[in-house]
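**Student:** Build out the structure end to end from the sequences listed, making use of the hints.
So the protein lines, in turn, are chains Z, D, X and U. Plus 397 on top of the position in the first sequence (first one is 1) and you've got the working numbering. Plus 397 on top of the position in the second sequence (first one is 1) and you've got the working numbering. Plus 397 on top of the position in the third sequence (first one is 1) and you've got the working numbering. Plus 397 on top of the position in the fourth sequence (first one is 1) and you've got the working numbering.
Hints are not guaranteed to be accurate.
Since the list gives no way to pick out one identical chain from another, each pair is judged satisfied if it fits inside one copy or across any two copies.
Claimed, not checked - Pairs of lysine-lysine, DSBU-like flavour, derived with a Cα cap of 35 Å:
1) K651 to K566
2) K651 to K403
3) K538 to K437
4) K462 to K428
5) K651 to K414
6) K538 to K445
Keep in mind the hints are simulated off the structure, nothing from the lab.
There are 4 protein chains.
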Amino acid sequence: MNKEIKLCMVGAGRVGKNHSRAITRHVPSGKIVALVDPSKEVREVTGKEFGIENQFDNLEQAIDKINFDAVIITTPTPTHQALASQAAENGKHVFLEKPMALNLEECDQIINSTESNGVILQLGFMRRFEPEFVNAAERIKAGEIGNPMVIKSLTHGPGLPPAWARDLKTSNGMLAEVNSHDWDAVRWLMGSNYKRVYAEIANLKGEAFNVSTPDFYDTVLVNMKFESGSLGMFSGVCPCGYGYDARMEIIGDKGIMQIGEMKGQSIVACTNRDQGLISPIYRTWPQRFAWGYIYELEHFIECIQTEKKPRVGGEDGRWAVAGVLAGTRSFREERPVYLKEILD
Amino acid sequence: MNKEIKLCMVGAGRVGKNHSRAITRHVPSGKIVALVDPSKEVREVTGKEFGIENQFDNLEQAIDKINFDAVIITTPTPTHQALASQAAENGKHVFLEKPMALNLEECDQIINSTESNGVILQLGFMRRFEPEFVNAAERIKAGEIGNPMVIKSLTHGPGLPPAWARDLKTSNGMLAEVNSHDWDAVRWLMGSNYKRVYAEIANLKGEAFNVSTPDFYDTVLVNMKFESGSLGMFSGVCPCGYGYDARMEIIGDKGIMQIGEMKGQSIVACTNRDQGLISPIYRTWPQRFAWGYIYELEHFIECIQTEKKPRVGGEDGRWAVAGVLAGTRSFREERPVYLKEILD
Amino acid sequence: MNKEIKLCMVGAGRVGKNHSRAITRHVPSGKIVALVDPSKEVREVTGKEFGIENQFDNLEQAIDKINFDAVIITTPTPTHQALASQAAENGKHVFLEKPMALNLEECDQIINSTESNGVILQLGFMRRFEPEFVNAAERIKAGEIGNPMVIKSLTHGPGLPPAWARDLKTSNGMLAEVNSHDWDAVRWLMGSNYKRVYAEIANLKGEAFNVSTPDFYDTVLVNMKFESGSLGMFSGVCPCGYGYDARMEIIGDKGIMQIGEMKGQSIVACTNRDQGLISPIYRTWPQRFAWGYIYELEHFIECIQTEKKPRVGGEDGRWAVAGVLAGTRSFREERPVYLKEILD
Amino acid sequence: MNKEIKLCMVGAGRVGKNHSRAITRHVPSGKIVALVDPSKEVREVTGKEFGIENQFDNLEQAIDKINFDAVIITTPTPTHQALASQAAENGKHVFLEKPMALNLEECDQIINSTESNGVILQLGFMRRFEPEFVNAAERIKAGEIGNPMVIKSLTHGPGLPPAWARDLKTSNGMLAEVNSHDWDAVRWLMGSNYKRVYAEIANLKGEAFNVSTPDFYDTVLVNMKFESGSLGMFSGVCPCGYGYDARMEIIGDKGIMQIGEMKGQSIVACTNRDQGLISPIYRTWPQRFAWGYIYELEHFIECIQTEKKPRVGGEDGRWAVAGVLAGTRSFREERPVYLKEILD
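**Tutor:** Given below as structure tokens:
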């Protein structure tokens with residue numbers, strides 16, 4: 398069997414818990430040896446649940462006290478660059494949650510620090526590891542539906558994001574926090590970068606949720622043109638009460654392919670002919686991407702063990718951030734925005 | 398255009414209404430010129446709804462007073478033989494609802510009187526005309542799934558049958574009144590007659606519905622062996638609160654084919670992630686077999702116009718009755734029953 | 398029964414045939430008494446198939462020679478205004494295929510001539526009559542999914558449009574000829590007019606189909622903001638080899654609703670576990686909207702019989718044309734276009 | 398974290414590999430410390446794949462040489478009793494694959510030796526651990542569909558069973574080797590024992606597969622009456638080329654519930670409108686019950702760690718064997734067989 402990889406989990410919140418569960422139960426050659434979170438209360442709960450005894454306020458302390466191979470960064474976006482660079486400079490491999498960072502400068506710093514220190518950088522785009530997305534990508538690449546003409550994607554998530562994540566002063570809002578997966582996945586499956594982006598937003602639930610953030614929006618539709626000449630779009634809705642919804646659809650010049658469905662379990666019941674048939678829906682993202690979260694972490698461990706480059710890295714994270722910035726400029730200025738305006 | 402065919406609707410109840418609607422709205426070359434029902438009240442309602450002015454207590458009167466080409470018999474099973482023979486002897490073509498009759502002697506009388514009078518006899522097995530069943534039958538016959546090994550069918554219907562239809566003294570009960578379609582459809586799709594039949598019944602809802610008929614059963618499972626050596630089964634449940642359900646599944650040595658689904662309309666909604674996705678179910682048989690009822694009547698009219706033999710006739714009705722008799726003997730005597738015991 | 402309505406079918410091509418079939422077989426109180434088409438060959442084929450003996454080169458001749466109540470106009474868009482006004486001025490009710498006309502002036506002329514002559518004007522938006530769309534609309538209006546936030550629609554059709562329909566000099570191209578249904582349906586289901594429109598187009602199959610029309614596009618994505626503040630989008634792909642595809646999805650603040658599916662028949666088969674399960678897809682629009690075409694024509698006949706205003710009329714057709722013009726200006730000028738720029 | 402449980406895998410074939418994979422990758426607190434198989438070649442391949450260095454010809458050697466807590470018995474049915482009793486007598490907990498044994502005497506010996514030695518006995522009925530079956534069972538028990546009236550189940554598997562497993566001299570054939578899961582699952586979900594059983598079999602593919610075993614059958618349909626008065630049925634088809642298929646359907650007096658589907662992955666594609674929509678099917682049982690195999694082994698480990706009785710044990714295995722014996726007698730004697738004939 399392969400060498401055990403020692404991990405430091407940075408962030409003990411929802412994503413930290415999700416990844417701790419995946420590693421502890423399903424990735425036997427990864428071992429979480431340290432847990433970092435500024436909140437003692439939060440880290441004690443997560444630490445207890447997953448048997449992680451070594452707990453620290455910050456990454457520096459963990460590096461000082463404990464021997465480990467890699468960090469898994471699950472903290473809020475504004476902290477990503479500093480943590481990733483700090484880890485890299487101390488020779489730790491980096492698994493970094495999406496969105497990569499707040500801007501392209503931060504992305505470049507992360508890329509540079511990981512590259513110059515010879516450590517692995519993997520981004521947390523779990524759709525790239527969810528079996529049906531993986532198989533669909535292979536089939537598309539093999540030409541099954543021909544040259545891709547249009548791609549559609551969506552991410553609709555149930556909970557109101559935390560305050561920092563919906564304020565455009567401290568984050569890039571829903572386009573980044575919810576739709577990073579769409580930015581990445583459309584680019585991945587189309588095999589082309591977006592060239593021009595147009596976004597429409599709406600704030601339709603803010604009042605009901607007592608959200609006073611001035612820039613808040615809960616609904617977004619993005620149109621895009623790819624460098625290949627093909628077209629794409631995605632939607633974001635958050636908070637979205639009906640469940641967690643992530644699906645894609647691609648039309649090529651030879652056919653169509655749909656990936657994912659809303660149905661979360663293969664049970665169908667009917668107890669009232671006026672109501673009709675009922676099936677479970679995916680309720681949450683850990684449920685929707687159960688295998689994706691396991692496989693992305695398995696892949697990270699395996700890349701460390703075998704000194705392989707991850708299938709999804711810094712450039713992919715940077716492109717998603719560039720899309721977010723273009724989309725945000727588009728709805729602010731009410732016009733289509735070229736990526737070159739952002740990238741140059 | 399083809400010659401208009403004049404029809405006498407015999408029976409103004411649920412099935413009579415259903416067929417009147419199909420003809421009036423969707424079979425323009427058929428015209429209902431007379432309506433027969435012993436209940437003045439019932440026939441006036443149906444007559445008014447479909448604009449049928451000539452109404453009679455019995456078929457004899459209609460034959461005396463009105464000129465028509467054919468009868469559509471939708472009355473209770475015990476009346477079938479007399480009405481069908483009477484129509485035939487007066488030169489009228491016969492469309493006869495299932496079950497054909499109470500026993501094989503009656504079936505033979507119907508077959509003989511229609512044949513000897515040179516009139517058409519079509520049985521009301523609408524599954525044979527519902528597009529997905531028709532296409533499936535063609536594909537099976539063309540060998541798509543290879544030699545059929547097992548067939549499964551079901552008919553579950555919502556309402557408690559009328560008293561005469563659940564009493565084994567006046568009818569053949571659910572095996573006949575509900576499952577005639579299964580008896581016919583398994584034989585049709587397998588291309589083979591059943592050779593041996595075993596039936597289990599249960600009375601699980603009778604008490605809740607205050608049914609005191611001694612032989613009442615609301616649940617039946619039938620196993621059968623075909624002359625071809627293949628196997629089959631079907632279930633019947635009636636009354637069945639969740640909707641009207643009729644589906645089939647056939648496994649051949651090269652594959653499987655499923656026909657029909659419970660979903661009655663392609664709408665999916667979710668308003669509560671704890672409840673899940675909801676789709677309409679088929680609520681009633683007129684909704685489930687909307688096209689089948691139209692096409693079987695179109696076919697009848699066309700057979701009259703072109704002097705063609707209907708796709709489903711007396712022999713098919715007789716086989717279904719034979720199956721009913723074998724199944725009934727099976728559950729009464731708690732043993733498998735050979736068709737030859739019934740047919741000889 | 399209601400009075401028979403005499404109809405003149407104007408246009409004997411694909412749509413003319415489709416509507417002739419619906420009326421002849423399924424709308425008994427409508428009778429086609431005249432057929433108009435400039436091509437003798439085309440009108441003879443269609444006339445023979447549906448038993449229409451009176452055939453004319455143009456509408457004027459039909460009006461002169463034959464007594465009828467209404468016209469059904471199925472000819473190319475550039476002819477709509479002249480034909481509709483001519484019919485109206487002769488006291489004929491008008492059923493007019495989509496798109497209503499080439500521009501708003503023509504729409505106004507049609508509206509004026511029908512209104513001033515007191516005849517009915519119904520537009521051929523059959524989605525408004527297809528049962529699942531009708532039921533979904535009722536459920537949305539009743540508040541089932543709350544306030545609509547986002548609507549998505551699509552129309553992907555199999556065949557390459559005729560030359561006049563893909564040339565922006567003689568038509569408004571795919572946005573009009575294919576996506577008129579989406580323009581109408583999103584407005585109908587959202588209960589709000591679009592306020593701003595952004596369109597991206599692509600020509601990805603033109604070369605393979607030897608299309609030399611300079612403005613040709615086969616792929617379009619439209620984003621829109623409604624007056625209500627909600628968002629919408631639709632896609633168009635034509636020619637689209639995989640089938641005829643028309644589906645919608647609406648997210649409200651209380652839930653989601655999907656309307657329509659690709660599966661065209663409830664048969665599922667599998668004969669090879671490496672290939673998987675196979676179900677029929679809708680191949681053509683007459684198959685996809687079989688009931689919608691019947692019900693829209695039934696409705697038209699009934700409106701004439703009962704002097705009722707149709708559920709979908711001139712204003713709806715005009716809004717769809719306005720959307721087309723805004724969308725076309727958007728992709729030409731590469732910017733979002735406000736409807737007020739078009740309507741003023 | 399809980400104490401690591403040391404396991405001896407008995408049998409290195411297909412099932413042994415499947416369980417080794419589940420434990421090695423997904424059940425971190427279980428560790429396979431020994432592998433037993435009479436074939437050196439087979440055990441070396443499996444041992445290498447899962448890093449199991451200690452390999453033995455037979456269980457006795459493993460017990461002598463290695464310290465472990467439990468055995469996982471995946472060898473052919475005729476070996477079950479001896480192996481399970483030997484393990485129990487040496488104080489090892491027992492996870493035993495289905496079918497439990499060849500006859501009730503062997504079942505009793507296994508139950509007695511595990512009970513008298515105070516070790517855990519768990520049967521390998523993985524449907525009881527597959528999430529949708531578990532949830533369905535809870536919902537049925539909670540009364541969602543009311544009193545169960547009819548249950549239907551099926552297991553259709555792709556490969557021709559090995560010679561010993563299709564010969565009624567050395568095994569109980571398909572009813573045991575393939576349909577043990579159905580015998581257990583119908584009893585579990587109905588909450589009642591079967592009282593009477595009727596089975597029809599057929600040999601429809603034997604010739605094509607050159608099977609000369611005299612008793613061979615590849616197709617079976619079983620009908621049953623439960624002690625509760627309700628009815629049940631299941632089918633078995635093996636070899637079955639179209640995939641691995643395991644689904645259930647239960648009708649209660651308040652509704653219906655379907656569990657499982659043929660679709661093995663949520664991808665839908667269409668590249669040809671004449672062929673239609675294609676989705677992957679479950680190809681194999683490890684794919685179909687991926688989570689069930691993980692969870693049943695997690696449960697076994699947890700029962701050992703916490704000294705808990707497994708959710709599925711010796712009595713359940715014994716009832717499945719009793720069903721097999723009743724079914725076999727039924728088709729041999731061509732009559733319904735009461736369980737009391739078998740159990741007394």
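**Student:** A separate judgement is required for each hint: does it hold in the structure or not?
**Tutor:** Okay, the hints, checked on the actual structure:
no.: 1; hint: K651 to K566; in the structure: between (44 Å within a copy, 29 Å between copies)
no.: 2; hint: K651 to K403; in the structure: neither (47 Å within a copy, 44 Å between copies)
no.: 3; hint: K538 to K437; in the structure: neither (47 Å within a copy, 42 Å between copies)
no.: 4; hint: K462 to K428; in the structure: both (16 Å within a copy, 30 Å between copies)
no.: 5; hint: K651 to K414; in the structure: between (43 Å within a copy, 29 Å between copies)
no.: 6; hint: K538 to K445; in the structure: between (44 Å within a copy, 34 Å between copies)
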